[in-house]
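Line order of the protein sequences matches chains A and B. The opening position of the first sequence corresponds to residue 199 in our numbering, with each subsequent residue numbered one higher. The opening position of the second sequence corresponds to residue 2 in our numbering, with each subsequent residue numbered one higher.
Treat the hints as calculated values from the structure; they're not laboratory data. Hints are not guaranteed to be accurate.
To be verified - With the Cβ distance kept under 8 Å, some of the chain B side facing chain A (calculated, not the full set):
no.: 1; residue: Phe99
no.: 2; residue: Gly196
no.: 3; residue: Asn335
no.: 4; residue: Thr338
no.: 5; residue: Thr343
no.: 6; residue: Val375
Every residue, glycine too, gets a C-beta built ideally from N, C-alpha and C.
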Amino acid sequence: MAVAISHDEIEHVALLARLGLSDDELEKLANELSAILDHMRALNQLDTSAIPPTAQVIPLRNVMRPDAPRPSLPVEEVLANAPDHDASYFRVPPVLD
Amino acid sequence: MELYELTIQQALEAMRLGETSSAELTRSSLDRIDALDAKVGAFLVVAGERAQAEARQADERRRRGETAPLLGIPIALKDIFCTRGIQTTCASRILEGFVPPYDATLVSRLTAAGAVMIGKTNMDEFAMGSSTENSAYQLTHNPWDLDRVPGGSSGGSAAAVAAGFAAGAFGTDTGGSIRQPAALCGVVGMKPTYGRVSRYGMIAFASSLDQAGPFARTVADCALLLETVAGPDPNDSTSLPDPVPAYSANLECDLRGLRVGVPDEYFAAGMEPGVEQAVRRAIDVLSELGAEIKPVTMPHTEYALAAYYLIAPAEASANLSRYDGVKYGLRASNANTMELYTRTRGQGFGAEVKRRIMLGTYALSAGYYDAYYVKAQKVRTLIKSDFDRAFESFDVLVAPTSPTVAFPLGARTDDPLAMYLSDVCTLPPSLAGLPALSLPCGLSDGLPVGLQIVGPALGEQIVLQVAAAYERAGGWNARVAPLT
Numbered sequence: 199m200a201v202a203i204s205h206d207e208i209e210h211v212a213l214l215a216r217l218g219l220s221d222d223e224l225e226k227l228a229n230e231l232s233a234i235l236d237h238m239r240a241l242n243q244l245d246t247s248a249i250p251p252t253a254q255v256i257p258l259r260n261v262m263r264p265d266a267p268r269p270s271l272p273v274e275e276v277l278a279n280a281p282d283h284d285a286s287y288f289r290v291p292p293v294l295d
Numbered sequence: 002m003e004l005y006e007l008t009i010q011q012a013l014e015a016m017r018l019g020e021t022s023s024a025e026l027t028r029s030s031l032d033r034i035d036a037l038d039a040k041v042g043a044f045l046v047v048a049g050e051r052a053q054a055e056a057r058q059a060d061e062r063r064r065r066g067e068t069a070p071l072l073g074i075p076i077a078l079k080d081i082f083c084t085r086g087i088q089t090t091c092a093s094r095i096l097e098g099f100v101p102p103y104d105a106t107l108v109s110r111l112t113a114a115g116a117v118m119i120g121k122t123n124m125d126e127f128a129m130g131s132s133t134e135n136s137a138y139q140l141t142h143n144p145w146d147l148d149r150v151p152g153g154s155s156g157g158s159a160a161a162v163a164a165g166f167a168a169g170a171f172g173t174d175t176g177g178s179i180r181q182p183a184a185l186c187g188v189v190g191m192k193p194t195y196g197r198v199s200r201y202g203m204i205a206f207a208s209s210l211d212q213a214g215p216f217a218r219t220v221a222d223c224a225l226l227l228e229t230v231a232g233p234d235p236n237d238s239t240s241l242p243d244p245v246p247a248y249s250a251n252l253e254c255d256l257r258g259l260r261v262g263v264p265d266e267y268f269a270a271g272m273e274p275g276v277e278q279a280v281r282r283a284i285d286v287l288s289e290l291g292a293e294i295k296p297v298t299m300p301h302t303e304y305a306l307a308a309y310y311l312i313a314p315a316e317a318s319a320n321l322s323r324y325d326g327v328k329y330g331l332r333a334s335n336a337n338t339m340e341l342y343t344r345t346r347g348q349g350f351g352a353e354v355k356r357r358i359m360l361g362t363y364a365l366s367a368g369y370y371d372a373y374y375v376k377a378q379k380v381r382t383l384i385k386s387d388f389d390r391a392f393e394s395f396d397v398l399v400a401p402t403s404p405t406v407a408f409p410l411g412a413r414t415d416d417p418l419a420m421y422l423s424d425v426c427t428l429p430p431s432l433a434g435l436p437a438l439s440l441p442c443g444l445s446d447g448l449p450v451g452l453q454i455v456g457p458a459l460g461e462q463i464v465l466q467v468a469a470a471y472e473r474a475g476g477w478n479a480r481v482a483p484l485t
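Taking the hints into account, I'd like the entire structure generated from these sequences.
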């Protein structure tokens with residue numbers, strides 16, 4: 199039985215991803231994702247109950263440096279690509295009403 | 002021989018002997034780009050004036066007696082590397098006009114080595130793709146047949162080297178995005194061990210998989226490019242602390258007694274007969290050079306595609322959440338914060354990027370996380386253990402890089418899964434974090450075929466040695482694509 203992603207599910211995922219999608223895009227994605235995820239079900243053929251997950255292939259852990267301040271980017275450079283700014287702030291729509 | 006046909010090693014020698022200059026080499030590259038890139042579309046940005054200024058500086062440094070590993074050599078960079086003062090877009094509209102305020106570590110190491118930056122090359126948007134057709138800006142055409150794809154996602158860099166626009170280039174490889182375009186464009190391309198090259202300033206797609214690597218027309222050139230940029234970086238806490246060997250100084254290798262494994266599963270159905278023939282012939286050459294060739298079973302190979310296309314999109318969904326219209330890049334018109342995000346991202350991302358963000362978000366969401374994402378990570382462990390076991394009995398593994406030669410533009414754009422299948426041979430070494438190189442091993446119907454050589458972790462030297470030995474005997478001779 200094929201994986202079927204419902205319209206509600208795909209809308210929920212789009213919201214989680216903060217992606218504004220048209221109804222056409224949502225429908226197309228629901229079909230495409232269903233087909234792709236169907237292919238993924240092959241993974242269930244493998245017994246992985248005793249297998250640890252690999253998140254990272256290298257043995258490094260918690261690579262730290264001393265907590266000593268270093269120069270960082272000047273504010274003007276940080277703001278140089280800003281779509282909207284005011285003095286030393288990025289300007290955005292109000293978050294709270 | 003035209004200047005643009007010189008390899009990096011030949012160009013360095015010619016400059017050392019005073020037979021040419023960086024200014025002349027750079028001019029030769031720029032002229033060829035002017036003449037032919039309208040047909041190929043390798044470059045998003047050609048940094049003509051800046052490159053010529055850098056070339057003059059390189060010549061001046063050389064006159065003063067300075068030496069540096071790449072002094073005066075024109076290099077092209079995939080538009081995924083942050084270049085201070087030069088637009089960097091990842092071939093996406095969401096970063097149109099973005100000018101990074103800093104250089105990627107890879108870029109600053111190339112600058113310190115005296116390289117001349119010729120321009121930024123085209124790619125699949127955010128490195129997601131196998132044909133460079135997902136670029137939001139332009140198509141790149143394979144220099145061997147302009148109606149065909151160069152491969153992806155580093156198609157622009159591969160095409161630039163194949164076309165003789167630059168003797169060297171850099172790209173990135175997450176699931177095959179250096180090796181597969183190298184194979185399709187008839188050049189040498191290498192993905193190092195995960196962690197060998199710093200990812201600082203390299204725009205992130207999938208952080209546990211992404212690696213930068215070189216393109217060139219010879220193995221020796223690739224070795225030189227790699228050793229110039231490799232090594233630990235305090236700005237990348239996933240960069241390995243191990244010192245970098247002088248790869249380019251140690252390419253001589255007697256293959257007698259070398260244990261070469263040929264994984265059965267990589268010659269699966271769907272492989273073009275011409276590709277299989279060329280690869281088998283190359284393996285015969287290795288045998289004639291004295292290597293001991295044996296088949297090896299890597300039973301989890303067929304699951305690599307599914308594991309990768311859950312892990313990589315999941316990581317990408319996290320990495321691409323930063324594109325929100327707040328601090329840089331596109332900002333769509335909006336009435337509130339939610340619209341700021343949804344409209345910016347809806348407008349700024351292309352279809353494949355949206356597809357992967359959605360897939361990744363779904364795989365990570367509550368209720369599905371264990372079934373998809375964690376499952377895929379466990380399969381990743383199994384795939385890695387196939388390689389660990391293989392490297393107990395073998396020094397290197399060889400396989401095809403791509404099951405097919407370059408396919409026509411538009412042939413796979415309607416079927417995402419068909420496009421994903423381009424990567425079946427390159428995905429497993431990516432998941433295992435192992436070094437892997439592709440080099441040309443012949444033509445099939447006039448189109449290049451790539452041989453893939455995979456080594457154990459930090460096994461770049463042996464991979465390069467085997468590649469160099471094959472290259473000497475194989476007869477490809479660093480050719481530039483017959484583009485006119």
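Results for each hint:
1. Annotation: B:Phe99 was flagged as interfacial toward chain A, and the flag holds, the nearest CB pair being 6 Å apart, inside 8 Å.
2. Given hint, B:Gly196 at the interface with chain A, holds; its Cβ is 5 Å from that chain's nearest Cβ, closer than 8 Å.
3. Given hint, B:Asn335 at the interface with chain A, holds; its Cβ is 6 Å from that chain's nearest Cβ, closer than 8 Å.
4. A hinted interface residue such as B:Thr338 counts as satisfied when its beta carbon comes closer than 8 Å to some beta carbon of chain A; here the least separation is about 5 Å, so the hint holds.
5. Taken as an interface hint, B:Thr343 checks out: its beta carbon lies about 3 Å from the nearest beta carbon of chain A, inside 8 Å.
6. Checking B:Val375 against chain A: minimum C-beta separation of about 5 Å stays under 8 Å; hint holds.
In this structure, none of the earlier numbered hints is contradicted; all agree with it.
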